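Line by line, the protein sequences are chains R and W. Just so you know, my numbering puts 123 at position 104 of the first sequence, and the rest follows in order with no gaps. Just so you know, my numbering puts 482 at position 97 of the second sequence, and the rest follows in order with no gaps.
Since the hints were derived computationally from the structure, they do not count as laboratory data. Since we're looking at a predicted model, the values are computed, not measured. There may be inaccurate statements among the hints.
Stated by the list, open to error - Just a sample of chain R residues kept apart from chain W, beta carbon distances all over 12 Å, derived:
{"no.": "1", "residue": "LEU32"}
{"no.": "2", "residue": "ALA74"}
{"no.": "3", "residue": "LEU113"}
{"no.": "4", "residue": "LEU130"}
Stated by the list, open to error - Here are some of the chain R residues that sit facing chain W, going by a computed Cβ distance under 8 Å:
{"no.": "5", "residue": "MET34"}
{"no.": "6", "residue": "LEU35"}
{"no.": "7", "residue": "ILE47"}
{"no.": "8", "residue": "ARG50"}
{"no.": "9", "residue": "ASP124"}
To be verified - Below, simulated EDC-like cross-link-like pairs (lysine to aspartate or glutamate); rule was C-alpha separation at most 16 Å, straight line:
{"no.": "10", "chain 1": "W", "residue 1": "LYS544", "chain 2": "R", "residue 2": "GLU28"}
{"no.": "11", "chain 1": "W", "residue 1": "LYS544", "chain 2": "W", "residue 2": "GLU504"}
{"no.": "12", "chain 1": "R", "residue 1": "LYS44", "chain 2": "W", "residue 2": "ASP420"}
{"no.": "13", "chain 1": "R", "residue 1": "LYS44", "chain 2": "W", "residue 2": "ASP417"}
{"no.": "14", "chain 1": "R", "residue 1": "LYS44", "chain 2": "W", "residue 2": "GLU528"}
{"no.": "15", "chain 1": "W", "residue 1": "LYS500", "chain 2": "W", "residue 2": "ASP413"}
{"no.": "16", "chain 1": "W", "residue 1": "LYS500", "chain 2": "W", "residue 2": "GLU547"}
{"no.": "17", "chain 1": "W", "residue 1": "LYS505", "chain 2": "W", "residue 2": "GLU490"}
{"no.": "18", "chain 1": "R", "residue 1": "LYS44", "chain 2": "W", "residue 2": "GLU547"}
{"no.": "19", "chain 1": "W", "residue 1": "LYS544", "chain 2": "R", "residue 2": "ASP25"}
No residue lacks a Cβ here, since even glycine has one placed at the ideal position from N, Cα and C.
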Amino acid sequence: MNETHDPLEVELLEMLPREVSPELKRRIGRRLTDVASAAPRPRWGVALAGALAAACLAAILLGWRNESRNSSHQIVDGPGGSRFVQADDTPTLLAYRHALSRSPDELAALLDEHARFTLPPDTRGRQISAFTRLDELRSSMGEL
Amino acid sequence: MASPSDPWPAWLDQHGPALVLLARQWVDSHADAEDVVQEAFVRFWHARERVSDPVAYLYSCVKHCGLDWQRMRNRQTRRDQATARPEAAPPEAATMFAGRVEQQERRVAIEAALKGLPEKQREVLVMKIWGGLTFPQIAAALEIPAGTAASRYRYALAKLHEQLAEEPIL
Chain R
20 MNETHDPLEV
30 ELLEMLPREV
40 SPELKRRIGR
50 RLTDVASAAP
60 RPRWGVALAG
70 ALAAACLAAI
80 LLGWRNESRN
90 SSHQIVDGPG
100 GSRFVQADDT
110 PTLLAYRHAL
120 SRSPDELAAL
130 LDEHARFTLP
140 PDTRGRQISA
150 FTRLDELRSS
160 MGEL
Chain W
386 MASPSDPWPA
396 WLDQHGPALV
406 LLARQWVDSH
416 ADAEDVVQEA
426 FVRFWHARER
436 VSDPVAYLYS
446 CVKHCGLDWQ
456 RMRNRQTRRD
466 QATARPEAAP
476 PEAATMFAGR
486 VEQQERRVAI
496 EAALKGLPEK
506 QREVLVMKIW
516 GGLTFPQIAA
526 ALEIPAGTAA
536 SRYRYALAKL
546 HEQLAEEPIL
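Please work from the sequences and hints to get the whole structure.
See below:
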């Protein structure tokens, strides 16, 4: 581009603004160095905050799961002062009827499953059955 | 022209004097102008790779920091007046430009004429003459059309001519 300058413009161009002081350079250098060395700190902070948030979330979820599990197995007073666990996930009456209509073995399996729910946790690992012998069930069904 | 990949001292060496001169528009002393430039330069340096025109952004940062400084000083002055504290030191005279002693008188006259320019014309003149910015860059820095930047520059020169009419051009 071919620019023509008037004399005043030329005079202004020839005037040099004062140089910046060495002190300003030092201060800027210090500021930029401080910020650069402090930069990883927020990342650590974010990581720590994230870990804490994850731990809190896990604790809340675990607490909620335990609570919901407990709420599905309520202790209920039975006749004669006996207490038993009423579990929401135990087989329904309809399931018993279906099992009985299919075969005695299926009913026995269903009863065993129910028994597992109602026993205390420390006995759940043992081999249990609602009837000691399948014959007993068959005979009781015959009586019915 | 310094590029974004250049180290910060290269940027400061190239633009520092013009930035301080620009900052003098909003502050009274060279020391205060350097404080403004320091703040603006640090702000610019962290954002330089995210802006389309780093040079324009650098000058824009100085303007914003200068205006912030001016507002802060105005508040402080009002507080000082309210508590009847003594006035701050008077502004420095003839400290904007370096040069030979025999040109001192002319320099003083030009500095006085520059200070007498309307703010909007003076900032364009400083960016153009001493910053070496193009009109599109000045337009980007000041968020005005390039044509407006060019006309403000012409008005500024005309006004300086008027004010310096009695002064001999060396």
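How the hints compare with the structure:
1. With a cut of 12 Å on Cβ distances, R:LEU32 falls inside the contact zone with chain W, its closest approach being about 6 Å.
2. Residue-level check passed: R:ALA74 sits 33 Å from the nearest beta carbon of chain W, beyond 12 Å.
3. Once the 12 Å rule is applied to beta carbons, R:LEU113 is consistent with being away from chain W; the minimum gap is 67 Å.
4. Annotated as non-interface, R:LEU130 keeps its C-beta farther than 12 Å from every C-beta of chain W; the closest such distance is 71 Å.
5. The interface hint given for R:MET34 is met, as the beta carbon of that residue sits about 5 Å from the closest beta carbon of chain W, less than 8 Å.
6. At its closest, the beta carbon of R:LEU35 sits 5 Å from a beta carbon of chain W; the interface hint therefore holds under the 8 Å criterion.
7. With its C-beta approaching chain W no nearer than about 6 Å, R:ILE47 sits inside the 8 Å limit, and its interface hint holds.
8. Look at R:ARG50: its Cβ gets to within about 5 Å of chain W, closer than 8 Å, so that hint holds up.
9. Here the hint on R:ASP124 is broken, as its CB sits about 74 Å from the closest CB of chain W, past 8 Å.
10. A threshold of 16 Å between alpha carbons decides the hint, and for W:LYS544 with R:GLU28 the separation of about 12 Å falls inside it, so the pair holds.
11. Note on W:LYS544 and W:GLU504: the hinted pairing holds, with a Cα-Cα distance of about 13 Å set against a maximum of 16 Å.
12. With a C-alpha separation of about 11 Å, the suggested pairing of R:LYS44 with W:ASP420 holds against the 16 Å cut-off.
13. A distance of roughly 15 Å separates the Cα atoms of R:LYS44 and W:ASP417; the hinted pair therefore holds under the 16 Å criterion.
14. For a cut-off of 16 Å, the pair hint linking R:LYS44 to W:GLU528 is broken: about 29 Å separates their Cα positions.
15. Distance check on the hinted pair: W:LYS500 and W:ASP413 sit about 11 Å apart at the alpha-carbon level, within 16 Å; holds.
16. Taking the CA atoms of W:LYS500 and W:GLU547, the gap is about 14 Å. The hint holds against a cut of 16 Å.
17. Restraint check for W:LYS505 and W:GLU490: the C-alpha separation of about 26 Å exceeds 16 Å, so the hint is violated.
18. For the proposed pair R:LYS44 and W:GLU547, the alpha carbon gap of about 38 Å is over 16 Å, so the pair is violated.
19. For a cut-off of 16 Å, the pair hint linking W:LYS544 to R:ASP25 stands: about 14 Å separates their Cα positions.
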